[in-house]
Each structure stands twice: as structure tokens, then as C-alpha cells.
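S.K.: Sequence:
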Amino acid sequence: MKAVVRLFHYLSERLKSAINKECMIMAKRRKAAKKSVRKAAKRKVRKTKAKKTTVRRKKKKAAV
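Going left to right, the sequence shown walks through residues 0 to 63 as numbering that gives the first Met the number 0 numbers them.
Where hints are given, some of them may not hold.
[To be verified] Straight-line C-alpha distance at most 25 Å; calculated DSS-like pairs for lysine-lysine: (1) Lys20 <-> Lys43; (2) Lys46 <-> Lys57; (3) Lys34 <-> Lys46; (4) Lys51 <-> Lys38; (5) Lys30 <-> Lys43; (6) Lys27 <-> Lys41; (7) Lys48 <-> Lys59.
Rather than coming from a laboratory, the hints here were simulated on the basis of the structure.
Produce the complete structure using the sequences and hints provided.
M.R.: Spelled out as C-alpha cells, the structure:
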């Protein structure tokens with residue numbers, strides 16, 4: 000009986016750790032996705048800023 004209880008305890012611990020591992024992996028994935036979205040947004044902002052400055056420069060050149 001003691002052996003069965005010990006085995007059950009061991010298996011439940013293994014299952015718990017496996018679930019935890021999965022949760023960690025999912026969390027890392029979520030974090031990475033968030034990071035990539037932020038990076039993309041920053042890239043977009045940089046791009047539009049660059050576009051605006053070039054347009055401004057061209058207008059200035061055309062005015063002269």
C-alpha cells in the first residue's frame with residue numbers, strides 16, 4: 000500500500016512539473032510575440048518619420 004501511495008505521489012509530482020514546464024514555454028512564447036509586435040510598431044514609426052523628413056526636404060528643395 001505504501002508503495003502505491005509513493006508511486007502515485009511521484010507521478011503527480013512529475014505531472015505537476017510537466018504542466019509547469021508547458022506553462023513556462025507558453026509564457027515565453029507570449030512574451031516573444033509581444034516583443035515582436037512592439038519591435039514592428041517601432042519599425043513602422045521609424046519608417047513614417049523617415050518618410051516625413053524626406054518629404055519635408057523635397058518640399059524645401061522645390062521651394063528654392
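S.K.: If you test the structure against every hint from before, which numbers come out violated?
M.R.: 1
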